Amino acid sequence: MTSIYKKILQVLFLATLPLTVLADWGLNMREGVTPISQKVYDMHMVSLWVVTIIGIVVFGIMFWSIFHHRKSRGVKPAKFSHSTTVEIIWTAIPLLIIIGLAIPATKLLIEMDDTSDTALTVKAVGYQWKWKYEYLEDDLTIYSNLDEKSVELSQRVDSVNPMEHPDYLLDVDEPLVLPTNTKIRILTTANDVIHAWWVPDLGWKRDAIPGFINDNWTMINEPGTYRGQCAEICGKGHGYMPIVVKAVSMDEYKTWVAEKKQEQVAAAEASSKEMSMEELMTKGEAVYKANCLACHQANGEGVQGVFPAIAGSQLATKPENLQAHITQIIYGKNLMPAFGEQLNDGDIASVVTYTRNAFGNDTGDVVQAADVAAERK
Amino acid sequence: MSTVAHEHDHHHAPTGLKRWIFSTNHKDIGTLYLIFSLMMFFIGGAMAMIIRAELFQPGLQFVDPQFYNSMVTVHALIMIFGAVMPAGVGLANWMIPLMIGAPDMALPRMNNMSFWILPFGFALLISTLFMNGGGPAGGWTMYPPLVLQLGDAFPFLIFTVHILGVSSIMGAINIIATVFNMRAPGMTLMKMPLFVWTWVITAFLLIASLPVLAGAVTMLLTDKYFGTSFFNAAGGGDPVLFQHIFWFFGHPEVYILALPAFGIVSTIIPTFARKPLFGYASMVYATASIAILSFFVWAHHMFTVGMPIKGELFFMYATMLIAVPTGVKVFNWMATMWRGAMTFEAPMLFSIAFVILFTIGGFSGLMLGITPVDFQYHDTYFVVAHFHYVLLTGAVFSLMAAAYYWLPKWTGYMYDEKLAKIHFWLSTIAANVLFFPQHFLGLAGMPRRIPDYNIVFADFNMISSIGGFAYGISQLLFVYIVIKCALGGKKAKAQAWEGAKGLEWTVPSPAPFHTFETPPKLTKSMLEN
Numbered sequence: 001m002t003s004i005y006k007k008i009l010q011v012l013f014l015a016t017l018p019l020t021v022l023a024d025w026g027l028n029m030r031e032g033v034t035p036i037s038q039k040v041y042d043m044h045m046v047s048l049w050v051v052t053i054i055g056i057v058v059f060g061i062m063f064w065s066i067f068h069h070r071k072s073r074g075v076k077p078a079k080f081s082h083s084t085t086v087e088i089i090w091t092a093i094p095l096l097i098i099i100g101l102a103i104p105a106t107k108l109l110i111e112m113d114d115t116s117d118t119a120l121t122v123k124a125v126g127y128q129w130k131w132k133y134e135y136l137e138d139d140l141t142i143y144s145n146l147d148e149k150s151v152e153l154s155q156r157v158d159s160v161n162p163m164e165h166p167d168y169l170l171d172v173d174e175p176l177v178l179p180t181n182t183k184i185r186i187l188t189t190a191n192d193v194i195h196a197w198w199v200p201d202l203g204w205k206r207d208a209i210p211g212f213i214n215d216n217w218t219m220i221n222e223p224g225t226y227r228g229q230c231a232e233i234c235g236k237g238h239g240y241m242p243i244v245v246k247a248v249s250m251d252e253y254k255t256w257v258a259e260k261k262q263e264q265v266a267a268a269e270a271s272s273k274e275m276s277m278e279e280l281m282t283k284g285e286a287v288y289k290a291n292c293l294a295c296h297q298a299n300g301e302g303v304q305g306v307f308p309a310i311a312g313s314q315l316a317t318k319p320e321n322l323q324a325h326i327t328q329i330i331y332g333k334n335l336m337p338a339f340g341e342q343l344n345d346g347d348i349a350s351v352v353t354y355t356r357n358a359f360g361n362d363t364g365d366v367v368q369a370a371d372v373a374a375e376r377k
Numbered sequence: 378m379s380t381v382a383h384e385h386d387h388h389h390a391p392t393g394l395k396r397w398i399f400s401t402n403h404k405d406i407g408t409l410y411l412i413f414s415l416m417m418f419f420i421g422g423a424m425a426m427i428i429r430a431e432l433f434q435p436g437l438q439f440v441d442p443q444f445y446n447s448m449v450t451v452h453a454l455i456m457i458f459g460a461v462m463p464a465g466v467g468l469a470n471w472m473i474p475l476m477i478g479a480p481d482m483a484l485p486r487m488n489n490m491s492f493w494i495l496p497f498g499f500a501l502l503i504s505t506l507f508m509n510g511g512g513p514a515g516g517w518t519m520y521p522p523l524v525l526q527l528g529d530a531f532p533f534l535i536f537t538v539h540i541l542g543v544s545s546i547m548g549a550i551n552i553i554a555t556v557f558n559m560r561a562p563g564m565t566l567m568k569m570p571l572f573v574w575t576w577v578i579t580a581f582l583l584i585a586s587l588p589v590l591a592g593a594v595t596m597l598l599t600d601k602y603f604g605t606s607f608f609n610a611a612g613g614g615d616p617v618l619f620q621h622i623f624w625f626f627g628h629p630e631v632y633i634l635a636l637p638a639f640g641i642v643s644t645i646i647p648t649f650a651r652k653p654l655f656g657y658a659s660m661v662y663a664t665a666s667i668a669i670l671s672f673f674v675w676a677h678h679m680f681t682v683g684m685p686i687k688g689e690l691f692f693m694y695a696t697m698l699i700a701v702p703t704g705v706k707v708f709n710w711m712a713t714m715w716r717g718a719m720t721f722e723a724p725m726l727f728s729i730a731f732v733i734l735f736t737i738g739g740f741s742g743l744m745l746g747i748t749p750v751d752f753q754y755h756d757t758y759f760v761v762a763h764f765h766y767v768l769l770t771g772a773v774f775s776l777m778a779a780a781y782y783w784l785p786k787w788t789g790y791m792y793d794e795k796l797a798k799i800h801f802w803l804s805t806i807a808a809n810v811l812f813f814p815q816h817f818l819g820l821a822g823m824p825r826r827i828p829d830y831n832i833v834f835a836d837f838n839m840i841s842s843i844g845g846f847a848y849g850i851s852q853l854l855f856v857y858i859v860i861k862c863a864l865g866g867k868k869a870k871a872q873a874w875e876g877a878k879g880l881e882w883t884v885p886s887p888a889p890f891h892t893f894e895t896p897p898k899l900t901k902s903m904l905e906n
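In the order they appear, the protein sequences are chains A and B.
At position 350 of the first sequence (counting the first as 1) the number is 350 in the working numbering, and the numbers step up by one without a gap.
At position 498 of the second sequence (counting the first as 1) the number is 875 in the working numbering, and the numbers step up by one without a gap.
Careful, some of the hints might be misleading.
So the derived list for chain B, only partly shown, Cβ under 10 Å to chain A, looks like this [what the hints assert, rightly or not]:
1) TYR445
2) PRO521
3) LEU523
4) ALA554
5) PHE557
6) VAL661
7) ALA665
8) MET693
9) GLY746
10) MET823
11) PRO824
12) ARG825
13) ARG826
14) VAL833
15) GLN872
Hints were generated in silico from the structure; no laboratory data involved.
Just so you know, these numbers come straight off a predicted model, no measurement behind them.
Heads up, the beta-carbon is just placed ideally off N, CA and C, and yes, glycines get one too.
Let's have the full structure, built from the sequences with the hints guiding it.
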């Protein structure tokens, strides 16, 4: 009881901080950085002004009436209760206003729908809870997880303060790098449940639906980093799968693709090598944080009834289950997705070693990349 | 056992627990509905308090994300199905027979059943929060595949929805049967009070839409347990199909919550403006138009699923069209007030606040209807602000207005006007502090249904939470006012309000256990609309 009391006091104290320290009073929609986002913003402003003016007129008349037509001023109520003429007028005027809004909206929608003549295609695949990006022309795949610092700060413990991270919950380990001034096709789909891919500065969001592919496009004019979040509830980690787009020049983009490919080849080679227990544990912890922690929690205890505990589990402690432990990570089980595609042999070996030796699971087991490779079909 | 003795019993109200459990009396059942909905309002409200406490500042302070999602989901289900809908049915039960001069509802035993299955439905729903794997956490919209990941609570969620649907459909049948068969001689359809009209139309919406929801959730059930693939792409199904079916129910559902509110406000404003409702016939037609249009706009809830552009255009136009009959209603209320002789008792205050704040919700609704811009607004706090303006400062405010308006008829006493006005001002200010900043949060890019957020959203979330706590606390005042009024106070006259029209004001206050056992004779002035 006292700890709750203390917590409330602490919250009240912290409460006064953001109002004084961080005065980012964003009131309106962002104009964004693409031709479309600018047009969406303009359309938003038109409709906002239309409703504001209607509101001023209607509420103005109503308040005038409230002040003048009150019994306390000795007014005698009028008797009228019908007028076909005014009914026709106040049916026709709103009709004309919405036609006036529908015409530019239709034009804009048609423009947004045109995904022809794109120079580059990226497929964004939603996972619980990360994004995979496939650069189809460049034959490159990356996974984009919540950044490590946000993971730490988002734990439900007293010792962390998310205020110290300006990009808290809006940063990733691997951003989606895109070239500027290029019409890019962005396909959205999902691996497990429905997600939605949204970067406000690009001017739209689109659902990522398992089994279906949605077609979108964007063209970013200004280099920069643009941040967004998953916009469709997708389970426990819905608030923890941001989208970060890094827009760079075409040349820089090409260099980045080449470097990334080399890096991946090197990582794959490195991971197939034998590692010491210490190396495996360090790497395993990083892999665990990026891929496992969201469900199985920082302490490996899981969430009762939803996500099984690793700490003290049969799978992660019994020697005879070692093989099953590896295959479950490769192929998934029930709600657990298959990680075989997104993690290389070394990653899986290290995370298996880590989980068999962390959280009090002191098995002493050491798993090497070759052991994992043996389990892949 | 003589007939005389039986007759004698019949005219005395049964007492004790049996009076309530076995009641077939429309007034008692109405009271049960209203008390039940108030209890649900506080349970759902407590969940909202947990949500606002967690969102008070960035970081996780009080609950885990999974439980947070449960709160978001169950708060919505309880508020929609447990608070607003039963409150509307309770008002219909109490007032429709009194307004049309009928002795009771047409199907009194079914009336009893439709109420008494509700507490069991909600007991099931709330029990899921204590089950292995937690309560439903995929949003009240229950989209697959996410909802299929739910643990032991899943079949209970489905069964809850079935039970609530059965209850609502029985209530709707009862209202239609009553209104079409039991009106006092001389009360033609176009002479009925507007509240009765809005409820008849609502009842048809219920009958047409709830079986669709029942079908959709049954398909979820078979997908989970019997190997079907209605919504599973891997088996040839389509997850978006569920959304189409759900919103085919879901959009009419919005009007199931809103139309009775229109009826309440159309009853109260003329009373306190001391002037007949302006444009009665156009109000009836506008209500019917809204109801019919509500079946053709469902996909505006899912503009971002990737529909063909022709579909998006159709649903955009249809959605924008709803602004026309809704506008007619607002203009008619405005014209009713115009050159009236207004006084501002609590029911009138809540009604005027309804007109203004519901219209603000309508404005954001019009903006949301514009497809290309909806791609930005969709699934953000802008939407959360929109539907809370329509449902809280809309539907709930109208229910508060109705409670104050008819409390003298129900209890026989006038409520404490001074406290009621304090309740009004606290509620109105708090609700706006609570929901207006959420427009800014949505526009700035905060998605809905997230337990934690970046610091750029911190300030408005804190303001919103403060408004939320203030709103929650001020509703306790309402409970106090109602209890105080039920226990005593200034005696209410048969006609409790000077400008009130309608048959309910011709019977004594409190309304006797049985009323209109012989149909009333209607005078010309009573039938004036």
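- For the hint on PRO521(B), just tell me whether its beta-carbon gets within less than 10 Å of chain A. 8 Å, holds
- Task: Have a go at the MET823(B) hint: is there a Cβ in chain A nearer than 10 Å to its own Cβ?
- Result: 8 Å, holds
- With 10 Å as the cut and Cβ atoms as the points, is LEU523(B) at the interface with chain A? Cβ of LEU523(B) sits 4 Å from chain A, so the hint holds.
- Against chain A, is ARG825(B) within 10 Å by beta-carbon distance? Holds: closest Cβ of chain A sits about 8 Å from ARG825(B), inside 10 Å.
- If you take the shortest Cβ to Cβ gap from TYR445(B) to chain A, is it below 10 Å? 9 Å, holds
- Message: Tell me if the interface restraint on ALA554(B) is satisfied: Cβ within less than 10 Å of some Cβ in chain A.
- Response: 31 Å, violated
- Item | Evaluation of the interface hint that places ARG826(B) against chain A, nearest CB under 10 Å | Holds, about 4 Å.
- Double-check VAL833(B) for me: the hint is only fine if its C-beta lies closer than 10 Å to a C-beta in chain A. For VAL833(B), the interface hint holds, since the closest Cβ of chain A sits about 5 Å away, which is under 10 Å.
- Should the hint that PRO824(B) touches chain A count as held when the rule is a Cβ pair under 10 Å? Constraint on PRO824(B) satisfied, holds at 5 Å.
- Message: Under 10 Å is the threshold here; is the Cβ of VAL661(B) close enough to any Cβ of chain A for the hint to stand?
- Response: 12 Å, violated
- Query: Can we keep the MET693(B) interface hint, with Cβ of chain A closer than 10 Å?
  - Reply: 7 Å, holds
- Query: Would the hint on PHE557(B) stand, with a C-beta cut-off of 10 Å toward chain A?
  - Reply: The hint is violated - PHE557(B) has no Cβ within 10 Å of chain A, the shortest such distance being about 26 Å.
The earlier numbered hints that this structure contradicts are 4, 5, 6, 7, 15.
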